[in-house]
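Taken in sequence, the protein lines are chains A and B. Just so it is clear: in the first sequence, position 17 is 282 by this note's numbering, and no numbers are missing. Just so it is clear: in the second sequence, position 401 is 415 by this note's numbering, and no numbers are missing.
If you're looking for bench data, these hints aren't it; they were derived computationally from the structure. Wrong hints could be hidden among the right ones.
Pairs of lysine-lysine, BS3-like flavour, derived with a Cα cap of 25 angstroms [what the hints assert, rightly or not]:
#1 Lys23/B - Lys109/B
#2 Lys492/A - Lys109/B
#3 Lys430/B - Lys418/B
#4 Lys231/B - Lys725/A
#5 Lys231/B - Lys392/A
#6 Lys625/A - Lys696/A
#7 Lys231/B - Lys400/A
#8 Lys397/A - Lys231/B
#9 Lys446/B - Lys490/B
#10 Lys492/A - Lys108/B
#11 Lys418/B - Lys109/B
#12 Lys108/B - Lys515/A
#13 Lys515/A - Lys446/B
#14 Lys515/A - Lys109/B
Computed footprint of chain B on chain A; a stretch qualifies when at least three of its residues, placed anywhere within it, have a C-beta under 8 angstroms from a C-beta of chain B [claimed, not checked]:
#15 500-509
#16 518-530
#17 703-709
#18 721-733
Where a beta carbon is used, it is the ideal one built from N, C-alpha and C, also for glycine.
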Amino acid sequence: MSQQSQQPPVFPSRPGRGIGHGARGPVVKPKNFKGTLRRLWQAFDQEKRMLPLVFLIVLVDALLMLSAPYLIGKSVDAMTGGEATLGLLGVTVLALLISYILDGALTLLQGWLMAGISQRIVKNLRKSLFEKLQKLPVAFFDSRPHGELMSRLTNDIDNVSNSISQSTAQLMSGAIMIVGSLVMMLILSPILTIACMITVPLVYLLTRTIAKKTSVLFKNQQIQLGKLNGHIEETVSGIEVVKAFNHEHKATQEFDEINTELCRIGMRAQILSGFLMPIMNVINNLGFAVVAVVGGVLAVKGMITVGVIASFLSYSRQFVRPLNDLGNIFNVLQSGVAGAERVFEVLDEQEEPEDVPDAKTLSQPKGHVVFENVSFGYKPDQLILKNVSFESEAGSTTALVGPTGAGKTTVVNLLTRFYDVTSGTIYLDGKDIREYTRDSLRRSFGFVLQDTYLFSGTIKENIKYGKPDASDAEVEAAAAMANASVFINRLPKRYDTQLTENGGNLSQGQRQLLAIARVILAKPSLLILDEATSSIDTRTELHIQDALLTIMEGRTSFVIAHRLNTIRDADTIMVVDRGEIVEKGSHESLIEQQGVYHQLFFNQFKNLQASAE
Amino acid sequence: MRLYTKYIKKYGVVFCVSLFFLTLEAVCDLLQPTIMSRIVDVGVAQRDLNYVLSTGGLMLGVTAIGAVAATMRNLLSTYVSQNFGAQLRSDLFKKVQSLSFENIDRFDRASLVTRLTNDVNQVQVFVNGMMRIFVKAPLTCIGGLIMATQLNPRLAVVLAVVVPIVGLFIYLNMKIGFPFFMKVQQSLDRVNGVMREYLSGVRVVKAFNRFDFEVDKFSHANEELQTKSISATRVMSIFSPAIMLTVNLGIVAVLWMGGLAAEQGDMQVGHIIAFTNYMTQILFSLMMISMVFNMFVRAKASAGRIGEVFAEENRMTWKEQGSLQGDGKGRIDFEHVSFSYEGGHGESVLKDITFSCLPGETVGIIGSTGSGKSSLVGLIPRFYDATKGTVRVDGVDVREVDPKLLREKMAIVPQKTVLFTGTVKENIRWGKDEATDEEMELAARMAQAHDFIERTPDGYQARVGQGGINFSGGQKQRLSIARALVRKPEILILDDSTSAVDVATETKIKEALREYAQGLTCLLIAQRITSVMDADKIVVLDQGELVGIGTHESLLKDCRVYQEIFQSQIGKEVQ
Numbered sequence: 266m267s268q269q270s271q272q273p274p275v276f277p278s279r280p281g282r283g284i285g286h287g288a289r290g291p292v293v294k295p296k297n298f299k300g301t302l303r304r305l306w307q308a309f310d311q312e313k314r315m316l317p318l319v320f321l322i323v324l325v326d327a328l329l330m331l332s333a334p335y336l337i338g339k340s341v342d343a344m345t346g347g348e349a350t351l352g353l354l355g356v357t358v359l360a361l362l363i364s365y366i367l368d369g370a371l372t373l374l375q376g377w378l379m380a381g382i383s384q385r386i387v388k389n390l391r392k393s394l395f396e397k398l399q400k401l402p403v404a405f406f407d408s409r410p411h412g413e414l415m416s417r418l419t420n421d422i423d424n425v426s427n428s429i430s431q432s433t434a435q436l437m438s439g440a441i442m443i444v445g446s447l448v449m450m451l452i453l454s455p456i457l458t459i460a461c462m463i464t465v466p467l468v469y470l471l472t473r474t475i476a477k478k479t480s481v482l483f484k485n486q487q488i489q490l491g492k493l494n495g496h497i498e499e500t501v502s503g504i505e506v507v508k509a510f511n512h513e514h515k516a517t518q519e520f521d522e523i524n525t526e527l528c529r530i531g532m533r534a535q536i537l538s539g540f541l542m543p544i545m546n547v548i549n550n551l552g553f554a555v556v557a558v559v560g561g562v563l564a565v566k567g568m569i570t571v572g573v574i575a576s577f578l579s580y581s582r583q584f585v586r587p588l589n590d591l592g593n594i595f596n597v598l599q600s601g602v603a604g605a606e607r608v609f610e611v612l613d614e615q616e617e618p619e620d621v622p623d624a625k626t627l628s629q630p631k632g633h634v635v636f637e638n639v640s641f642g643y644k645p646d647q648l649i650l651k652n653v654s655f656e657s658e659a660g661s662t663t664a665l666v667g668p669t670g671a672g673k674t675t676v677v678n679l680l681t682r683f684y685d686v687t688s689g690t691i692y693l694d695g696k697d698i699r700e701y702t703r704d705s706l707r708r709s710f711g712f713v714l715q716d717t718y719l720f721s722g723t724i725k726e727n728i729k730y731g732k733p734d735a736s737d738a739e740v741e742a743a744a745a746m747a748n749a750s751v752f753i754n755r756l757p758k759r760y761d762t763q764l765t766e767n768g769g770n771l772s773q774g775q776r777q778l779l780a781i782a783r784v785i786l787a788k789p790s791l792l793i794l795d796e797a798t799s800s801i802d803t804r805t806e807l808h809i810q811d812a813l814l815t816i817m818e819g820r821t822s823f824v825i826a827h828r829l830n831t832i833r834d835a836d837t838i839m840v841v842d843r844g845e846i847v848e849k850g851s852h853e854s855l856i857e858q859q860g861v862y863h864q865l866f867f868n869q870f871k872n873l874q875a876s877a878e
Numbered sequence: 015m016r017l018y019t020k021y022i023k024k025y026g027v028v029f030c031v032s033l034f035f036l037t038l039e040a041v042c043d044l045l046q047p048t049i050m051s052r053i054v055d056v057g058v059a060q061r062d063l064n065y066v067l068s069t070g071g072l073m074l075g076v077t078a079i080g081a082v083a084a085t086m087r088n089l090l091s092t093y094v095s096q097n098f099g100a101q102l103r104s105d106l107f108k109k110v111q112s113l114s115f116e117n118i119d120r121f122d123r124a125s126l127v128t129r130l131t132n133d134v135n136q137v138q139v140f141v142n143g144m145m146r147i148f149v150k151a152p153l154t155c156i157g158g159l160i161m162a163t164q165l166n167p168r169l170a171v172v173l174a175v176v177v178p179i180v181g182l183f184i185y186l187n188m189k190i191g192f193p194f195f196m197k198v199q200q201s202l203d204r205v206n207g208v209m210r211e212y213l214s215g216v217r218v219v220k221a222f223n224r225f226d227f228e229v230d231k232f233s234h235a236n237e238e239l240q241t242k243s244i245s246a247t248r249v250m251s252i253f254s255p256a257i258m259l260t261v262n263l264g265i266v267a268v269l270w271m272g273g274l275a276a277e278q279g280d281m282q283v284g285h286i287i288a289f290t291n292y293m294t295q296i297l298f299s300l301m302m303i304s305m306v307f308n309m310f311v312r313a314k315a316s317a318g319r320i321g322e323v324f325a326e327e328n329r330m331t332w333k334e335q336g337s338l339q340g341d342g343k344g345r346i347d348f349e350h351v352s353f354s355y356e357g358g359h360g361e362s363v364l365k366d367i368t369f370s371c372l373p374g375e376t377v378g379i380i381g382s383t384g385s386g387k388s389s390l391v392g393l394i395p396r397f398y399d400a401t402k403g404t405v406r407v408d409g410v411d412v413r414e415v416d417p418k419l420l421r422e423k424m425a426i427v428p429q430k431t432v433l434f435t436g437t438v439k440e441n442i443r444w445g446k447d448e449a450t451d452e453e454m455e456l457a458a459r460m461a462q463a464h465d466f467i468e469r470t471p472d473g474y475q476a477r478v479g480q481g482g483i484n485f486s487g488g489q490k491q492r493l494s495i496a497r498a499l500v501r502k503p504e505i506l507i508l509d510d511s512t513s514a515v516d517v518a519t520e521t522k523i524k525e526a527l528r529e530y531a532q533g534l535t536c537l538l539i540a541q542r543i544t545s546v547m548d549a550d551k552i553v554v555l556d557q558g559e560l561v562g563i564g565t566h567e568s569l570l571k572d573c574r575v576y577q578e579i580f581q582s583q584i585g586k587e588v589q
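Please work from the sequences and hints to get the whole structure.
Structure (structure tokens):
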């Protein structure tokens with residue numbers, strides 16, 4: 266929930282509805298309120314059938330609640346009315362009793378129904394959001410912080426749910442209450458109604474002006490709070506550096522500056538918004554007093570009965586409360602719609618293009634790869650790869666070397682269609698890769714990346730990820746081939762060991778071995794090793810190197826590495842720099858060329874070799 | 015709670031004054047229905063217009079007093095809660111900054127951040143609430159009960175029945191509701207977990223085409239969340255109408271009993287109206303109290319978590335007059351140093367290490383992950399203190415020196431690059447506030463960062479971090495090196511800080527260091543032998559033990575571990 270509840274707690278429009286739903290932060294306004302609302306309405310889908318029933322319940326309930334003050338007034342009159350009124354009192358009290366019981370039942374029913382409706386809608390929204398994520402290209406995930414996407418799935422959808430379950434019914438019943446109370450008040454006594462109405466414009470003006478000012482202040486406060494949290498996050502997680510550079514004092518100083526400013530803004534926002542409650546209270550009491558006095562005067566003059574005063578007091582309260590609440594309900598609604606808008610934004614993202622109509626399924630390709638004048642850029646004028654052409658024979662190993670950001674990873678991203686080429690063509694076994702189904706194309710590749718990704722689950726499940734129907738024997742064989750069985754067998758639960766999120770309970774090297782076992786089991790025809798061993802110390806790397814050599818055998822492989830010893834046996838080594846292939850050839854021929862590769866290799870190895878001799 | 019005495023002393027008086035106003039406010043609220051009943055029973059019944067008007071005036075007067083009290087209370091409570099919160103947060107921040115790593119390690123970093131942000135907020139909200147509604151609710155509740163009973167003891171029988179029932183409902187609501195919401199939270203965590211995994215593993219999912227599996231997994235979690243949420247909301251939706259109904263039935267009972275009594279002339283109508291009004295007030299306050307409990311539980315947990323941090327005592331001690339006036343600038347000695355984390359109770363990370371770095375020497379440290387390299391250099395700036403043995407800087411035992419003095423003369427480039435939000439310039443200058451632009455540029459040039467900084471559109475004004483340019487890992491490392499160099503330290507510690515920098519650039523950095531920073535003692539942790547092979551001395555660590563020390567050539571001859579590392583890096587070439 267919101268971190269700071271500076272706003273006064275929202276009182277339910279009637280006691281009993283929603284205990285303590287606390288205050289919320291500043292309201293984020295949706296960009297296109299109407300359009301989003303319309304789409305949200307579409308998202309109701311099946312639930313639309315239930316809505317008339319809910320609204321009927323709300324309507325009946327509101328009418329019942331409207332009758333209560335009238336009945337109370339009648340029973341008061343029955344008490345003061347003199348003889349033969351005991352029967353009348355009995356009737357009104359009984360009517361009141363029935364209407365209260367009905368109200369209870371209807372409220373319960375409504376809450377019951379709305380819980381189902383809102384949760385089902387929200388579940389479907391979450392589902393379609395997640396399914397959408399399956400169809401989005403990798404570029405989408407690369408360009409967005411995960412935290413932001415997470416917040417769309419959680420906070421935003423939460424807001425939608427709140428606004429559906431709370432606002433819809435409240436808005437309805439609030440509107441009925443206001444109109445109904447007004448009508449009843451007019452019927453009971455037009456003069457008293459006018460007296461009572463004096464407070465309405467006051468309430469309206471006051472809430473408006475204060476709310477306008479406070480919303481700005483609260484927004485500022487939220488910004489300041491964000492700044493402070495950012496500062497805390499940075500200085501606490503980077504405390505080694507803070508301490509190493511003796512910056513404790515400076516960090517504290519900066520902290521105090523932001524903190525003081527936060528306190529100042531917070532105080533202003535609080536005080537201003539804090540005024541609202543007591544002032545509303547005064548106005549309500551003023552209304553109460555005015556009704557009492559005017560009613561008293563009228564009653565003294567015999568123009569109305571005491572019962573009317575009693576009913577009137579209740580009506581005036583029923584009239585004002587939803588009026589006060591409307592602003593709040595509107596806020597909830599607004600943040601709900603804003604949340605829905607952010608969810609829809611994701612749903613509207615461009616998906617990976619469909620496969621071409623007569624796309625072929627690729628199975629067991631030989632692995633002959635040709636890049637023909639391939640260029641790629643996120644924007645046409647900023648090419649990351651420029652006119653790249655090369656050929657890799659089936660079963661050969663191609664290594665890509667070059668500085669970070671040169672475009673090595675882009676080459677393999679294009680090959681697997683994580684991204685599509687901007688111009689040029691990539692052929693696999695003589696056919697444009699776009700003529701294959703994306704599914705079957707990717708299935709032909711095995712990946713071992715620098716950051717291995719393991720899922721929470723058992724070791725066995727993780728190895729089987731690429732081939733869910735594999736038998737235990739196959740899993741164990743794959744693990745053995747990947748040199749992973751040694752450490753797995755040492756674990757108390759062996760293959761059934763539960764991994765925490767991203768395999769946090771294994772070392773980097775062990776995770777990499779599991780990733781390799783996963784690839785071995787999936788038996789891909791082509792292989793991509795992207796800095797597969799760069800975050801592992803060199804002695805552990807030896808084990809992994811063996812495993813990698815095993816799987817590279819007979820498969821067309823693309824290897825990206827900045828430790829050059831890992832790639833010297835490659836059939837072709839390509840040096841990539843600033844999006845272009847600057848050199849190409851075998852290790853020996855490149856060394857002879859005395860070019861960039863020679864330079865790189867020289868830097869890394871010459872001294873080592875010299876000392877070895 | 016002893017920790018909070020300080021704040022009670024500081025804000026106690028204002029706090030109490032604000033409670034006084036709060037009480038005044040509550041009393042004013044409570045008087046309303048009684049005054050109202052007089053208007054009806056005396057004024058209207060006796061057709062006394064003057065009485066109606068004067069009592070009405072009294073009612074407005076009471077309202078006005080209530081409003082003034084509320085306003086004062088608002089001012090005071092805001093003042094107290096905001097200042098208290100700010101100060102508590104500031105104190106906690108200072109405390110965290112002052113703790114040694116041994117203390118900090120007891121907490122998860124993320125949890126420290128939460129304590130500073132969320133927990134402080136919780137406590138602040140509670141203090142604020144206490145001065146707003148939490149105290150008012152019981153006051154109104156008890157006051158309402160007293161007023162109602164006084165008004166009409168006979169009708170109070172209804173209260174005696176209704177209030178306990180409502181209390182029971184509120185209790186059940188919390189008792190039954192809480193576990194339900196815990197379950198909802200758990201399923202929500204699961205949904206988020208699946209989502210988070212998917213987001214980080216999206217390439218793997220795509221590569222293996224496991225969309226159906228992922229969607230299934232998600233649907234399962236999603237379905238469960240839906241079921242749990244619906245049942246939780248439904249259970250909760252029973253209580254509100256139940257409470258309402260109980261109170262309403264009470265009102266009906268009051269009307270009926272009151273009506274019968276009024277019939278016999280035993281009771282006045284105004285009393286009955288006032289009584290129903292009190293009932294509503296009591297109901298409201300009961301519901302507020304249930305909220306107070308919720309808030310209290312949360313605030314108490316938060317206060318406890320904050321207290322834990324305050325309770326940490328800095329274990330690092332030093333002599334006030336201790337200074338680094340020893341012989342030799344930048345000399346470092348390790349004398350039989352052993353170390354383990356968790357205050358010496360953990361597994362030993364370093365075992366009996368002895369070696370020296372002479373002023374101006376470059377010492378390489380190599381060994382596989384987990385061999386204790388980072389722990390070893392962490393002892394020099396006193397991030398931790400050795401469990402056994404002595405670490406000397408300039409010949410002085412570091413335990414006798416204020417860590418501040420010690421850290422002033424050294425610069426560290428940590429393994430994990432940490433840059434702060436701000437411009438490139440601000441980040442480099444972080445190393446030395448008073449550095450001139452020239453000094454800064456020189457540092458950037460030495461770290462081979464100048465060229466790529468210049469290539470960004472904003473140059474040194476380019477923003478790092480959120481909303482700024484995303485520098486690559488290697489570029490960030492170079493910025494972090496520049497930040498260390500601008501300090502012109504006597505001792506430079508590079509903790510595997512060129513791992514993402516390509517070999518050619520790394521060589522240039524080392525050449526620059528050799529040229530500009532003569533007399534600088536440099537400790538260099540590395541994975542690659544090429545990074546350390548030209549060092550004056552190489553220390554080889556293996557599982558916390560020093561297994562070799564010497565030059566590259568001598569180690570190749572007689573250090574088995576070093577040979578192994580060498581072999582692994584040169585590949586088959588040597589065979």
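- Query: What hint numbers does the structure not satisfy?
  - Reply: Of the numbered hints, all hold.
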